[in-house]
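Student: So you can see what is in the structure, the chains are spelled out below.
Number of protein chains: 2
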Amino acid sequence: MNNYPKSSRNTVKRSPKRGHYDKETVYQILDTGYICHVGFTIDDQLYVIPHAYGREDNTIYLHGAVGNRMLNQLEKGIPICVTVTHTDGIVLARSAMHHSFNYRSAVLFGTAQLVPDEQKEQALFAITEQIIKGRWDEVRTPNEQELKVTKVLAMDIDEASAKIRTGPPKDDEADYELPVWAGVLPLQVTTGEAIPDPDLAHKLPLPESMGQLKK
Amino acid sequence: MNNYPKSSRNTVKRSPKRGHYDKETVYQILDTGYICHVGFTIDDQLYVIPHAYGREDNTIYLHGAVGNRMLNQLEKGIPICVTVTHTDGIVLARSAMHHSFNYRSAVLFGTAQLVPDEQKEQALFAITEQIIKGRWDEVRTPNEQELKVTKVLAMDIDEASAKIRTGPPKDDEADYELPVWAGVLPLQVTTGEAIPDPDLAHKLPLPESMGQLKK
Numbered sequence: 000m001n002n003y004p005k006s007s008r009n010t011v012k013r014s015p016k017r018g019h020y021d022k023e024t025v026y027q028i029l030d031t032g033y034i035c036h037v038g039f040t041i042d043d044q045l046y047v048i049p050h051a052y053g054r055e056d057n058t059i060y061l062h063g064a065v066g067n068r069m070l071n072q073l074e075k076g077i078p079i080c081v082t083v084t085h086t087d088g089i090v091l092a093r094s095a096m097h098h099s100f101n102y103r104s105a106v107l108f109g110t111a112q113l114v115p116d117e118q119k120e121q122a123l124f125a126i127t128e129q130i131i132k133g134r135w136d137e138v139r140t141p142n143e144q145e146l147k148v149t150k151v152l153a154m155d156i157d158e159a160s161a162k163i164r165t166g167p168p169k170d171d172e173a174d175y176e177l178p179v180w181a182g183v184l185p186l187q188v189t190t191g192e193a194i195p196d197p198d199l200a201h202k203l204p205l206p207e208s209m210g211q212l213k214k
Numbered sequence: 000m001n002n003y004p005k006s007s008r009n010t011v012k013r014s015p016k017r018g019h020y021d022k023e024t025v026y027q028i029l030d031t032g033y034i035c036h037v038g039f040t041i042d043d044q045l046y047v048i049p050h051a052y053g054r055e056d057n058t059i060y061l062h063g064a065v066g067n068r069m070l071n072q073l074e075k076g077i078p079i080c081v082t083v084t085h086t087d088g089i090v091l092a093r094s095a096m097h098h099s100f101n102y103r104s105a106v107l108f109g110t111a112q113l114v115p116d117e118q119k120e121q122a123l124f125a126i127t128e129q130i131i132k133g134r135w136d137e138v139r140t141p142n143e144q145e146l147k148v149t150k151v152l153a154m155d156i157d158e159a160s161a162k163i164r165t166g167p168p169k170d171d172e173a174d175y176e177l178p179v180w181a182g183v184l185p186l187q188v189t190t191g192e193a194i195p196d197p198d199l200a201h202k203l204p205l206p207e208s209m210g211q212l213k214k
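Residue numbers (numbering that gives the first Met the number 0), protein chains in the order written: chain A, 0 to 214; chain B, 0 to 214.
Just so you know, these hints were derived from the structure itself, not from any lab.
Keep in mind that a hint or two might mislead.
[Claimed, not checked] If we take Cβ atoms under 10 Å as the criterion, some of the chain A residues that face chain B in the derived model are: (1) A51; (2) H62; (3) H98; (4) V179; (5) L184.
[Unchecked claim] In silico DMTMM-like pairs for lysine to aspartate or glutamate, Cα to Cα no more than 25 Å straight-line: (6) K202/A / D136/A; (7) K169/B / D136/A; (8) K169/A / E120/B; (9) K132/B / D174/A; (10) K169/A / E176/B; (11) K147/A / E176/B; (12) K147/B / D30/A.
Glycine residues also receive a C-beta, built at the ideal position from the N, C-alpha and C atoms.
Please construct the entire structure, taking both the sequences and the accompanying hints into account.
Tutor: Okay, structure coming up:
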């Protein structure tokens, strides 16, 4: 199945034309991101916390220390919502009210489960590769002790939607004659010059994985 | 009072040294952002939705159409959580498990209230100026009809915390001898070349507000 089922939960209500329900679009948004925002409740109090993640097929992995409060709460199988957003541009309209952003967001619904010990390493691989592809092969991989003190959760994506805005501003018809500049100012995440750890023990070239950075 | 009260809700549990509770730090993170993630529940279902915002003193404004489902829910005075995150760099360690991000995030707790009609324009000004400072004076400001169909909510920040990571990776002592490049790859949001609306009726220079863009 290449589309997520539509329900009252994941159907885009505002600007429904911007809504997408196919897995390909959702996965693309996830795969070009680094950080998701995880929503969950503890004792009726709601939290929205930024967190690294990894995607493998229809599963999102989250990891942290075994004592991590968020992971311990998610592990109970409570409904969670995970959102990844890219802000692609500022949309400057002729009128204040039509200012907007170009963006791509993916909102995911599901419940998380503990990843069993024998699958932990594969999940941590997915998370590391999400950050920077090819890095896993360059570094010291997790040892037994690290795996022991690390909790990994897997959330299968039950429902999801993507919402995308592109293109120029949409102003009121009468405003198009106004002598006001309108258009889009593109925003993008760019990488600066790599800063070597001052404690590097060896003179080393930049790693190959840096050529694999997502755009 | 320059600090938010610390409670079980806003106290940073993981890496507590990265936690900050002073308003100045929280405001700085808010003021350099464009998009927040709003967490809320409807009928026990949790949502995390990206949304534009504006800050004025200790208040966050959110706006949308009067029929906006999220705003209608927030307006009931339910507890909400609003989070703004900046991802400042990829932290490349010698070991897979010590990979991390440099980041600044602000997590805000409070309840939202409807902004009365006579204060709506001031709130919309704050939201527009959050997007691009000085823009309000360049454009057609909201007319009576637009104000009528726009809902604006104000959330006073009751509690908040910021969490900030900076600097190089922290590896296990034994790993510092490994011949693995380690360091930080800075990430920043940069603006591309402005794209004029193809329907611009006049030949116009770029607006002055574009010189005011946040770094």
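Student: Each hint: holds or not?
Tutor: Status of the hints after comparison with the structure:
| no. | hint | result |
| --- | --- | --- |
| 1 | A51 | 7 Å, holds |
| 2 | H62 | 9 Å, holds |
| 3 | H98 | 6 Å, holds |
| 4 | V179 | 6 Å, holds |
| 5 | L184 | 5 Å, holds |
| 6 | K202/A / D136/A | 19 Å, holds |
| 7 | K169/B / D136/A | 19 Å, holds |
| 8 | K169/A / E120/B | 21 Å, holds |
| 9 | K132/B / D174/A | 21 Å, holds |
| 10 | K169/A / E176/B | 57 Å, violated |
| 11 | K147/A / E176/B | 24 Å, holds |
| 12 | K147/B / D30/A | 40 Å, violated |
Of the numbered hints listed earlier, those contradicted by the structure are 10 and 12.
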